[in-house]
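Residue strings, one per chain:
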Amino acid sequence: MDIILEGIRQAFILLVTFDPEVLGITLFSLKVSGTATFISLFIGMSVGTVVALTQFPGRKFVVSLINTGMALPPVVVGLFVTIFLWRNGPFGFLEILYTPTAMIIAQAIIATPIVMGISLASMQQLPKKLRLQILALGATRLQMVRILIREARLPLLAAVMAGFGGVISEVGASIMVGGNIMGYTRVLTTATVMETSRGNFDIAIALSIILLLLAYMINLVLTYVQQRERPR
Amino acid sequence: MKRTGFILCLLLALAMTVSMAGIAAAQPVQKNVIMATTTSTQDSGLLDVLLPIFEKKTGYFVKTISVGSGQAMAMGAKGEADVLLVHSPAAEKKFMADGNGVERRLVMHNDFIILGPPADPAKIKGMKKAAEAFKKIAASGSVFMSRGDNSGTHSKEKEVWKAAGVKYEGEKWYQQTGLGMGQTLAVAAEKKTYVLADRGTYLALKKGLGLDILVEGDGILLNIYHVIEVNPKKWPKANFAGGKAFADFMVSKETQDIIKTFGVEKYGSPLFFPDAGKKEEALGK
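These protein sequence lines map, in sequence, to chains A and B.
Residue numbers for the first sequence follow our numbering, so the first one is 1 and each next one is one higher.
Residue numbers for the second sequence follow our numbering, so the first one is 233 and each next one is one higher.
Hints are supplied without guarantee of correctness; some may be wrong.
As the list claims (entries may be wrong) - As a list, the in silico DSBU-like pairs of lysine-lysine whose alpha-carbon atoms are at most 35 Å apart:
#, chain 1, residue 1, chain 2, residue 2
1, B, K360, B, K390
2, B, K399, B, K326
3, B, K438, B, K424
4, B, K465, B, K289
5, A, K31, B, K289
6, A, K31, B, K288
7, A, K31, B, K310
8, B, K326, B, K466
9, B, K288, B, K394
10, B, K263, B, K394
11, B, K469, A, K31
12, B, K326, B, K390
13, B, K492, B, K325
14, A, K31, B, K465
15, B, K355, B, K439
Stated by the list, open to error - From the derived model, a few chain B residues whose C-beta atoms are all more than 12 Å from chain A:
#, residue
16, D275
17, K295
18, A322
19, R336
20, A351
21, E391
22, Q407
23, K438
24, D444
25, K492
26, P502
Unchecked claim - Each pair of labels, with its calculated beta carbon distance range:
#, chain 1, residue 1, chain 2, residue 2, range
27, B, G402, A, G24, 45 to 55 Å
28, B, K289, A, P73, 34 to 44 Å
29, B, Q407, A, P73, 18 to 28 Å
30, B, E422, A, N88, 39 to 49 Å
31, A, V16, B, V419, 29 to 39 Å
32, A, M217, B, K485, 46 to 56 Å
33, A, N88, B, G442, 42 to 52 Å
Simulated from the structure, these hints should not be mistaken for laboratory data.
Think of the CB as a built atom: it goes at the ideal place given N, C-alpha and C, for glycine as much as any other residue.
Excised from the complex, chain B in its bound form (with noise of 0.2 Å):
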């Protein structure tokens, strides 16, 4: 028993000396940058391919806190990060009026899709307009499953819903998750419902799930990722450097490359469509 108190001490002295280390060599240049994004950008693999590079380049290392768009938006505002990678336009747009960024700067785009199960019992398959998709959902009764959880999808959906015109709220059909997206794809493959999505995940995921693409490209399902520098005058401990590094590496020429192919070998297809220094409103025209 002596001796095992004996290592005990030694154990804890070391992991003590180890952290205190750990922040003394911290202090001088700050290089750590804490980015917050969506679960889209990690759980696609794109940030395991740009992550090295960025950190290779510049010295810099980046903590990816991957939640929904709405965390990561909320994390910002409390200076709990020093950049963000996101795609919720309209809280985005309210983010920057509060001023808790100080650029917000285009990155790239996919598209979001409706799925269902391949019986389609609300006949929605090849409708061009993702509203008129949805009021038919509402209208048939047919389970809808929403992320609930704040992110950048379920913001997008509200918006459809919105457009549709149709009361979801507490009606019986429209179920929520309050999971990520892979998980609620699976949720609502194993339960047959309808579901919205970005089209990145659902690539990724597609083998075996038993959901079908019924309605897309219409501009409203546009789904925009931004890269935005979190105001260091609001947060003085954030490292505003190392943000604006990031964020300037996402708008590169050589990163905008990265994404341009990023995914083909294995889906077949880009997963994520380039597009820094162009306008917004141009987006899929």
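Next up, chain A with everything else stripped away, as it sits in the complex (with noise of 0.2 Å):
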């Protein structure tokens, strides 16, 4: 117990002097973390919606292996990503593996199919009298997809918070395509991996309360916008 308490001193002490280095990790982890998100959400969501309002055959497939998307662990995503960023792989002219970039295209793949997967679900149990309603009404396919978005917006930002939630709590891919290299690709997981294997266990503890910390404000905010209205 004692660990924890001091864990928790730590944390504050670290949280109110502003430690660089820890603020430095805390606000990296957000910009590679955010940026995968938005990245996920535009394809997460794009393809989600045309797979969830379309009809073609082996639909039931690809749903299949959306869903199965969804339960992508991120070490095989970081294994993979890994070895085609390789100098000597098929990407390895970039230059990018051991980057922040190489950290956000994991990311990216880690949190696409979660946006994906429950972006179809969401789109999908809209009540499908309303599409007809709408298109009855004159609007146009594009118009049609928006009101449909705006109808579904509250199981969409959750569909955020999942995403978000999956790649700033992961820590395999990070490690490997990121390599926890001081200053340039430290994010709090992958430190607080580090700190636990030196003993540290206090700055590891305090780093986890700052993630959960930073998590929470995130969530806070997204679960602001999402009940901004009254749901129907």
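Could you use the hints to bring the two separately framed chains together as a complex?
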């Protein structure tokens, strides 16, 4: 128990003194996971919406793939992204292994199926008659999609939260493609792993608490946006 | 929704510009040096002290990839690292014989120690020969916790088992964590088993661990670190100049002086002993 109290004390000290290293790591975690979530929103929501609103042969198979992707293990993503980005790998010419860019790519790959799967489910649960009604009122296809997205914004924001939550908390891919380089690719999770293996449990606990606070604050903001208007 | 989409596109564009700029800047002179190393150099904090000095002096940017020595050498053999700082002499010799490295230079050493619970069920405390101690652990059937990850520590452990002439693979008392040194020590402490560890990591984690040093000082337990530059003939993409600069830095007098005193303040004794320019065979004599 002492160690947890000591960790909380450390977290408090690190926070109120604005420890430059911890502050840097925290902002960097936010930047990487935030960018990755944005990319995943772009891809995930568009593909999710298209799959939700169209019919095509093999659709069930595609949906099952997307749903499986929601359980994509970060280490598997990390391993494959690493192999692809190796100097002598197929994308080695980019020279982005062990850079923040590589971390964003890996995290976007993790978050995309999550966003896609939830978007798909949330668009699909809208009543079919709504679509007919919107079209009957003379809306174009694009206008219809926009109205549908607005209708489904509660679960769609849940998709954002799930996607962000998935990547801010993952460690396997970040440590493999980023390398946990001090002041360059170190994020809260990889720093926690390192401090644990160094036996600095108090600092590790402090970092965990900061990570939880960060996740809480982001989700608080998103929840406020989500619950701004009373749900239908 | 429209505005969100706009912001989204803007951010995407921004992210791409930033990454492109990074690539463009890196092209003319290869500034990045990928150094693959064992976990102990990072976990002990030694690299945190040395790297800023090196980077300030030379302008290179070191990307430390801290893995087991086995994986570090695998990276070097694939040309995915420029320079290695490792402690697995037998595997290193093979690495050099295969033409993967250009030069292999002695940097420093410390030693491995056999740890165990204070109760010491196999009664090995104070034994002089590591192999004899391993034999006793095996004979008593006390659990031995291995790294099992092809790291330098794991290879050393296999070397000692071989010297002891004991069959250990698949035995019930022989367990593997597949984790780094720090985590393996934590598992061993929790389960009250025997374990082989490098002294640096043990000193760093000793507090509250509940494992005692039972056997130390045998010649076979030396833990020797070398720095190896990856062969640019085999891997033209490797940053040979950067790797060489780092290797030169590691054996320079300035660095060796830092190594000599590193950890004294915090742990009461140095974690590593500088050895640049010495012969490997002369160590521990």
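Each hint, compared with the structure:
| no. | hint | in the structure |
| --- | --- | --- |
| 1 | B:K360 x B:K390 | 18 Å, holds |
| 2 | B:K399 x B:K326 | 24 Å, holds |
| 3 | B:K438 x B:K424 | 14 Å, holds |
| 4 | B:K465 x B:K289 | 27 Å, holds |
| 5 | A:K31 x B:K289 | 30 Å, holds |
| 6 | A:K31 x B:K288 | 27 Å, holds |
| 7 | A:K31 x B:K310 | 32 Å, holds |
| 8 | B:K326 x B:K466 | 16 Å, holds |
| 9 | B:K288 x B:K394 | 45 Å, violated |
| 10 | B:K263 x B:K394 | 43 Å, violated |
| 11 | B:K469 x A:K31 | 30 Å, holds |
| 12 | B:K326 x B:K390 | 16 Å, holds |
| 13 | B:K492 x B:K325 | 26 Å, holds |
| 14 | A:K31 x B:K465 | 39 Å, violated |
| 15 | B:K355 x B:K439 | 23 Å, holds |
| 16 | D275 | 5 Å, violated |
| 17 | K295 | 5 Å, violated |
| 18 | A322 | 25 Å, holds |
| 19 | R336 | 22 Å, holds |
| 20 | A351 | 23 Å, holds |
| 21 | E391 | 24 Å, holds |
| 22 | Q407 | 19 Å, holds |
| 23 | K438 | 8 Å, violated |
| 24 | D444 | 17 Å, holds |
| 25 | K492 | 22 Å, holds |
| 26 | P502 | 18 Å, holds |
| 27 | B:G402 x A:G24: 45 to 55 Å | 47 Å, holds |
| 28 | B:K289 x A:P73: 34 to 44 Å | 41 Å, holds |
| 29 | B:Q407 x A:P73: 18 to 28 Å | 25 Å, holds |
| 30 | B:E422 x A:N88: 39 to 49 Å | 41 Å, holds |
| 31 | A:V16 x B:V419: 29 to 39 Å | 35 Å, holds |
| 32 | A:M217 x B:K485: 46 to 56 Å | 50 Å, holds |
| 33 | A:N88 x B:G442: 42 to 52 Å | 46 Å, holds |
When each numbered hint is compared with the structure, violations occur for hints 9, 10, 14, 16, 17, 23.
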